[in-house]
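Top to bottom, those sequences are chains H and A.
Note that my numbering has the first sequence beginning at 1, numbered continuously upward.
Note that my numbering has the second sequence beginning at 1001, numbered continuously upward.
Source of the hints: derived by calculation from the structure; they are not laboratory data.
Being a predicted model, the structure only gives us computed values, none of them experimental.
Even glycine gets a Cβ: it sits at the ideal position worked out from N, Cα and C.
A few of these clues could be false.
Reference listing, derived: stretches of chain A covered by chain H, where coverage requires no fewer than 3 residues with Cβ under 8 angstroms from a Cβ of chain H [stated by the list, open to error]:
| # | stretch |
| --- | --- |
| 1 | 1085-1093 |
| 2 | 1136-1148 |
Pairs of lysine-lysine residues, derived as DSS-like cross-links and limited to a Cα-Cα distance of at most 25 angstroms, are as follows [stated by the list, open to error]:
| # | chain 1 | residue 1 | chain 2 | residue 2 |
| --- | --- | --- | --- | --- |
| 3 | H | Lys-170 | A | Lys-1189 |
| 4 | A | Lys-1154 | H | Lys-413 |
| 5 | A | Lys-1275 | A | Lys-1154 |
| 6 | A | Lys-1188 | H | Lys-170 |
| 7 | H | Lys-413 | H | Lys-114 |
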Amino acid sequence: MKAATWQRLRQLTQVLVLGLFIFLFTQSVYLVQSSPLGDLFYRLDPLVAVTAMLAGRLIIPTLALAIGTVFVTLVFGRVWCGWFCPLGTILEWTSPHKKKITIKVSEPSPTWRKMKFFLLMATLALAVLGNQTLIFLDPNTILTRTMAGAIWPALRYGTFSLENFLFQFKLLWPILDAIHAVLIVPLFHNIQSVFIAAFPIFLFFLGLIALNWSAERFWCRYLCPLGGLLGWLSRYSLLRREVHQPCKQCGLCSAQCPTGTIDPRNGYCSDSAECIVCTDCVKSCNQGDVSFRWQLPHWKPAEKHSYDPSRRDALVTIAAAITGATLAGIEPIARRSPEHLIRPPGATLTDFESLCIRCGECVRVCPTQGLQPSLVESGWENLMTPHLMARLGYCVYNCSACIQSCPSSAIPKITLEEKHAAPMGLASINRDRCLPWAYNTSCIVCEEMCPLPDKAVVLEQGEGQGLGQVGNASLLKPHVIREKCIGCGVCEFHCPVGGDAAIQVYSLPDNKPPLSGI
Amino acid sequence: MTIRKLISRREFICWLGMAGAGAALIACAKNDLPTPVLSNSTQTSLPVASTLSPTQTDGSVGKTYLAVARGESPAELTRRVVEALGGMQRFVNTGNDVIIKPNMCTDNHTFEFAATTNPEVVAELVRQCLSAGARRVRVMDAPFGGSPESAYRKSGIADAVTAAGGQMEVMNPAKYAETPIPQGVDIKKWWVYQEVLNADVLINVPIAKHHGEAGLTLGCKNLMGTLQRRNLIHENLHQRIADITSLVRPDLTVVDAYRILTRNGPTGGNLNDVKLTKTIIASQDIVAADAYACTLFGKTAADIGYIKLASRMGIGTDDLSSIKIEELAV
Chain H
1 MKAATWQRLR QLTQVLVLGL FIFLFTQSVY LVQSSPLGDL FYRLDPLVAV TAMLAGRLII
61 PTLALAIGTV FVTLVFGRVW CGWFCPLGTI LEWTSPHKKK ITIKVSEPSP TWRKMKFFLL
121 MATLALAVLG NQTLIFLDPN TILTRTMAGA IWPALRYGTF SLENFLFQFK LLWPILDAIH
181 AVLIVPLFHN IQSVFIAAFP IFLFFLGLIA LNWSAERFWC RYLCPLGGLL GWLSRYSLLR
241 REVHQPCKQC GLCSAQCPTG TIDPRNGYCS DSAECIVCTD CVKSCNQGDV SFRWQLPHWK
301 PAEKHSYDPS RRDALVTIAA AITGATLAGI EPIARRSPEH LIRPPGATLT DFESLCIRCG
361 ECVRVCPTQG LQPSLVESGW ENLMTPHLMA RLGYCVYNCS ACIQSCPSSA IPKITLEEKH
421 AAPMGLASIN RDRCLPWAYN TSCIVCEEMC PLPDKAVVLE QGEGQGLGQV GNASLLKPHV
481 IREKCIGCGV CEFHCPVGGD AAIQVYSLPD NKPPLSGI
Chain A
1001 MTIRKLISRR EFICWLGMAG AGAALIACAK NDLPTPVLSN STQTSLPVAS TLSPTQTDGS
1061 VGKTYLAVAR GESPAELTRR VVEALGGMQR FVNTGNDVII KPNMCTDNHT FEFAATTNPE
1121 VVAELVRQCL SAGARRVRVM DAPFGGSPES AYRKSGIADA VTAAGGQMEV MNPAKYAETP
1181 IPQGVDIKKW WVYQEVLNAD VLINVPIAKH HGEAGLTLGC KNLMGTLQRR NLIHENLHQR
1241 IADITSLVRP DLTVVDAYRI LTRNGPTGGN LNDVKLTKTI IASQDIVAAD AYACTLFGKT
1301 AADIGYIKLA SRMGIGTDDL SSIKIEELAV
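Extracted from the complex, chain H is given alone in its bound form (with noise of 0.2 angstroms):
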């Protein structure tokens, strides 16, 4: 096949695969039934099988698809970062492109390629201790959060305001209606989500993008610690990169290279650990010098980089790795739960902060979007970990969509039946705000609300009438009775009181061993 053909078909697989990314994003959802392939991309991720299993201690049989981009990158190098990645396309469409044969002196220093290797071993040895902070850092992660609580919703807000402005106009009903049913449905679902962490979360996309104009694919060469892994299995893959002679010199590959390794001061060869073997290299050489060749039978590993880390560094990797560790463990939530930390049903079961690699899966999925990526609500070592917010959208009863979508077992894959029978936490009436209570008003919304069989919330007869109400009825007042409570929220969301509900959902009593102390 000529250049071209490889370049236009590598170019198809990533709109193809960008678009299956976003096609489960969409579709793969539990109001119209979940399918199964809802976390493709979480089991085709290496590091992400790595750190969970390591920081869970649990094997993740639904990982071990992992196994498979292992294989490919030994054999065809790093062309997930090239070829798949979502956002490693996103990265490569927003770069600037340059045309320009210049040796490219404003781009940072190759040692700056080090730091996606301390990324990786500094994960790598977190997670060893049972933490997986960093995976945040993992791009599929990184994608699907930013997809999930800013863009996405973002977008369904846009749509949503131009639609309500548009449906002032009844003439316009009938189009819009067609619009509405065929178009807005199935890309939205009917679903209004507010974010608590929208702004960073996009933010720290945007920086990402931004980073593109200090040097194309930013991200990918110096700071992504999955592009670290698949470099450093790429040292050993079969198809390489070679530069024949007689090569002219002219610089065009080198100024075409979106790693940029191929390097000039080294006759134009590059590093097949850098290398996302994007083909545009030997596009751009008009002499047919350079190829992806076979490294049978003649094989050996890549030689050796300035960048690679050296034993030193892996050490000093590993301290930097301890420090955080410790840090963490002095946190706050290591001696009590913040009191509204909620997370998501079935977690109290498992090790969720350990296995939990905070891909905002659930986050995506939760029909009434209460679960929301948290910022340092839980810590700084729990960055971007779901809890539920049940003032902005309550648990369903019925509803086992996290459960089923959680890609590493931090929501363990609990029936509903267990699911009722676990609680997320416990609900807690503020007397001095309930209407019936405080105002001597009438409401019994949380108790209505309630969706056990035998009611959490039980009313009681209070004495005389309360304001505006008519006949004998006397003021009901609601109670909730500790042991049914399984903390969905359910009444927290609907409690009409202004601002915070005057029934909440509180942590439950900690099961962790407090640090000790006086």
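Fit chain A to the given chain H structure using the hints.
For chain A alone, coordinates are given in the frame of chain H:
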């Protein structure tokens, strides 16, 4: 690859401006329509969409005012009560756009738990509307637990309605509007689903069940499903339900009392709380239908605030002795 310029920025903005101007023109056309006069009397001049006003029927003579059927098959009972009222063609004319509003409050349980309307009853009504010549029959509700799609599915109503030739509509948040309630005592306006007001025929199909504050959830209470900001209704529940009933007037109310929920309503979930009463009640008068349904729980209309208030406001009658009731054993 070179990108050929299909349209210049200037042209694009020009097109955008023209489209905007077009939209603005449409908007002006709409605004020039005469605004409905609402203020000068207690009588509603809103498009209540009723071909016959339920309140203006003299119940004591002539046609059956309220029909009750008892028997084994919910569909058959439904057919018989509608027949007793004069058949569906009395309510639905050829080419009419019909909305049926059952109770699908949550996706927690199937209909056997008596928290949602019996699908056979809804499907039978869909079939009758279509054979009476309805152009389109839509079925909708706005659940407070779970998504509309999941509640429609779980209740069994989605499958039954689709098989009967009706359409399930997920209520679109953009189609609610703040609507004046001319007869309202406590609330003078609320956010109401406009399609329900615009439809030619509205059929209300509540299930009779227990409710913590309202006492019972029946026809009038079921209309809360057409509103937004429902949690605010509870502050003065009975009067506000009556006020809403004065605005959203169903042409026909069919109370599904085949199974009734006697405790832990409105959500239910315990089969021990369900009583098999095998009764279907229908009337063009929502208040009378509710008043009759109370008796199945051993109560009277006087026990349920919103029925009493609705009757006092003249929306219908809660005096069962003054109307012609036809009781059928099927």
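Against the structure, the hints:
no., hint, verdict
1, 1085-1093, "violated (count 0)"
2, 1136-1148, "holds (count 5)"
3, H:Lys-170 / A:Lys-1189, "20 angstroms, holds"
4, A:Lys-1154 / H:Lys-413, "22 angstroms, holds"
5, A:Lys-1275 / A:Lys-1154, "20 angstroms, holds"
6, A:Lys-1188 / H:Lys-170, "23 angstroms, holds"
7, H:Lys-413 / H:Lys-114, "38 angstroms, violated"
The structure fails hints 1 and 7 (numbered hints given earlier, in ascending order).
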